[in-house]
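There are 2 protein chains.
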Amino acid sequence: MKKISIIGIGPGGYEDMTIRAVRAIKECDVIAGYTLYLSLIMDLIGDKETVCTQMRGEVERCRRALALAESGKHVGLISSGDAGIYGMAGLMLTLLADHPDIDSEVIPGVSACQSGGALLGAPLSHDFAVISLSDLLTPIELIEKRLSAAAEADLAIVLYNPGSHKRSDYLKKACDIILGYRSADTVCGLTRNISRDDQSHQIVSLSELREMTVDMTTTVFIGNSQTTVTGGHIVTPRGYRL
Amino acid sequence: MKKISIIGIGPGGYEDMTIRAVRAIKECDVIAGYTLYLSLIMDLIGDKETVCTQMRGEVERCRRALALAESGKHVGLISSGDAGIYGMAGLMLTLLADHPDIDSEVIPGVSACQSGGALLGAPLSHDFAVISLSDLLTPIELIEKRLSAAAEADLAIVLYNPGSHKRSDYLKKACDIILGYRSADTVCGLTRNISRDDQSHQIVSLSELREMTVDMTTTVFIGNSQTTVTGGHIVTPRGYRL
Numbered sequence: 003m004k005k006i007s008i009i010g011i012g013p014g015g016y017e018d019m020t021i022r023a024v025r026a027i028k029e030c031d032v033i034a035g036y037t038l039y040l041s042l043i044m045d046l047i048g049d050k051e052t053v054c055t056q057m058r059g060e061v062e063r064c065r066r067a068l069a070l071a072e073s074g075k076h077v078g079l080i081s082s083g084d085a086g087i088y089g090m091a092g093l094m095l096t097l098l099a100d101h102p103d104i105d106s107e108v109i110p111g112v113s114a115c116q117s118g119g120a121l122l123g124a125p126l127s128h129d130f131a132v133i134s135l136s137d138l139l140t141p142i143e144l145i146e147k148r149l150s151a152a153a154e155a156d157l158a159i160v161l162y163n164p165g166s167h168k169r170s171d172y173l174k175k176a177c178d179i180i181l182g183y184r185s186a187d188t189v190c191g192l193t194r195n196i197s198r199d200d201q202s203h204q205i206v207s208l209s210e211l212r213e214m215t216v217d218m219t220t221t222v223f224i225g226n227s228q229t230t231v232t233g234g235h236i237v238t239p240r241g242y243r244l
Numbered sequence: 003m004k005k006i007s008i009i010g011i012g013p014g015g016y017e018d019m020t021i022r023a024v025r026a027i028k029e030c031d032v033i034a035g036y037t038l039y040l041s042l043i044m045d046l047i048g049d050k051e052t053v054c055t056q057m058r059g060e061v062e063r064c065r066r067a068l069a070l071a072e073s074g075k076h077v078g079l080i081s082s083g084d085a086g087i088y089g090m091a092g093l094m095l096t097l098l099a100d101h102p103d104i105d106s107e108v109i110p111g112v113s114a115c116q117s118g119g120a121l122l123g124a125p126l127s128h129d130f131a132v133i134s135l136s137d138l139l140t141p142i143e144l145i146e147k148r149l150s151a152a153a154e155a156d157l158a159i160v161l162y163n164p165g166s167h168k169r170s171d172y173l174k175k176a177c178d179i180i181l182g183y184r185s186a187d188t189v190c191g192l193t194r195n196i197s198r199d200d201q202s203h204q205i206v207s208l209s210e211l212r213e214m215t216v217d218m219t220t221t222v223f224i225g226n227s228q229t230t231v232t233g234g235h236i237v238t239p240r241g242y243r244l
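As given, the protein sequences belong to chains D and F, one line each in that order. For the working numbering, add 2 to where a residue sits in the first sequence, where the first one is 1. For the working numbering, add 2 to where a residue sits in the second sequence, where the first one is 1.
Don't take each hint at face value.
Since the list gives no way to pick out one identical chain from another, each pair is judged satisfied if it fits inside one copy or across any two copies.
Unchecked claim - Below, computed lysine-lysine pairings styled on DSS-like, alpha-carbon distance capped at 30 angstroms:
| id | residue 1 | residue 2 |
| --- | --- | --- |
| 1 | 147 | 174 |
| 2 | 75 | 4 |
| 3 | 168 | 5 |
| 4 | 175 | 147 |
| 5 | 75 | 5 |
| 6 | 28 | 75 |
The set of hints was computed from the structure by calculation and includes no laboratory data. As the structure is a prediction and not an experimental result, all values here were calculated from the model.
With these hints in hand, go ahead and build the complete structure from the sequences.
Now the structure itself:
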């Protein structure tokens, strides 16, 4: 069977995978993915053939998945979170366009904005924007324009890839842009290492967020002007009359 | 056990539920939800006690869940999609703030932007905004401001609640706003009745989208300026060099 299933496995724990993702992994002949993500689902993979590539090896990983599918195998390409949100689906489908004989499917999963949001409460219960601070593949000017627009329109904002060693001041710059439109006491949240043993979450103000240290395991939430902390949870209200 | 689990069940089919959501439903004493959503998971609910309320009965539903939890029960409050994205989590957590003796948890699930996005390909593989066109609880001026901002900043856009009988021209108005910033041939997509027998999806241009009829089961996707149709799928590229 020439097929590639592009599978979002959620934050990493078995509990947050969908039934469809678990079944697909079991059905595949070969599992391809970034080494760290494969290690999270080793119990499901069992003794299946695997293709591991390192971070930033995305194009190579997809090409190897294609070659295996062309040889008649059903390949499961693993993406953390949702395969369609900063995941492998876009790149894999682009390369698949030259291989119409290979069947494909995209299996959605719980993304960090959802698993992190659930830990914090309900920060995304109204309109929101999802923006990555990584300028590896996106001009920084476009990222800044999107941050300004989302802040001005009072959208709640989720920041993916908020920082790394090379981009230690990006979160501070993002907060400065947002502070141009939103008050310093805007309710914000951070989640780290979701679904791992050292998972944590924290509620801070926008001015406090500006001073925080973040890394690639952090997801950042910035409330809109109506977002509150209630009962220890972040809630962005929809407007129900109580 | 005084507890409320706020459970996102995804688009409605068993396959797209998370392991955690299935387990929680099995563990609860009582299941509360909108009648239609409970009907989708009757096999899981079995002969458990249920509390069904109609559409727009959200506040009453939460108050009944609270009363049941106060009586010592573990209540599962069902939300379609993700409980934190236009779901029940925000309202329920707000009401729970006055009941610190009741334990709670939010269980995320696959939202329509993800299940619909996976059907269409990968329309949300780069930064995006999620905006509801329902003005039941939100001033229409704020919705329009958010549409303008997202369009100007070249964010991909997902529209929830794009239309109903009373709001038959809202999608047209939204397209007109977006057409002020984005070309008429911008790649767009629609999904209908996701995970039901009559599930469908369609790829259209922004000018064609303007003329479409939509209802409450439709989710609308508007690509950014780089979004393409490739191999029959919508792909919003992240910028990988191939």
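Structure-based check of each hint:
1. 147 x 174: Both: 15 angstroms inside a chain and 26 angstroms across chains, each within 30 angstroms.
2. 75 x 4: within (5 angstroms within a copy, 50 angstroms between copies)
3. 168 x 5: For residue 168 and residue 5, neither the intra-copy (38 angstroms) nor the inter-copy (44 angstroms) Cα distance is at most 30 angstroms.
4. 175 x 147: both (12 angstroms within a copy, 24 angstroms between copies)
5. 75 x 5: So residue 75 and residue 5 pass the 30 angstroms test inside one copy only (7 angstroms; across, 46 angstroms).
6. 28 x 75: within (14 angstroms within a copy, 36 angstroms between copies)
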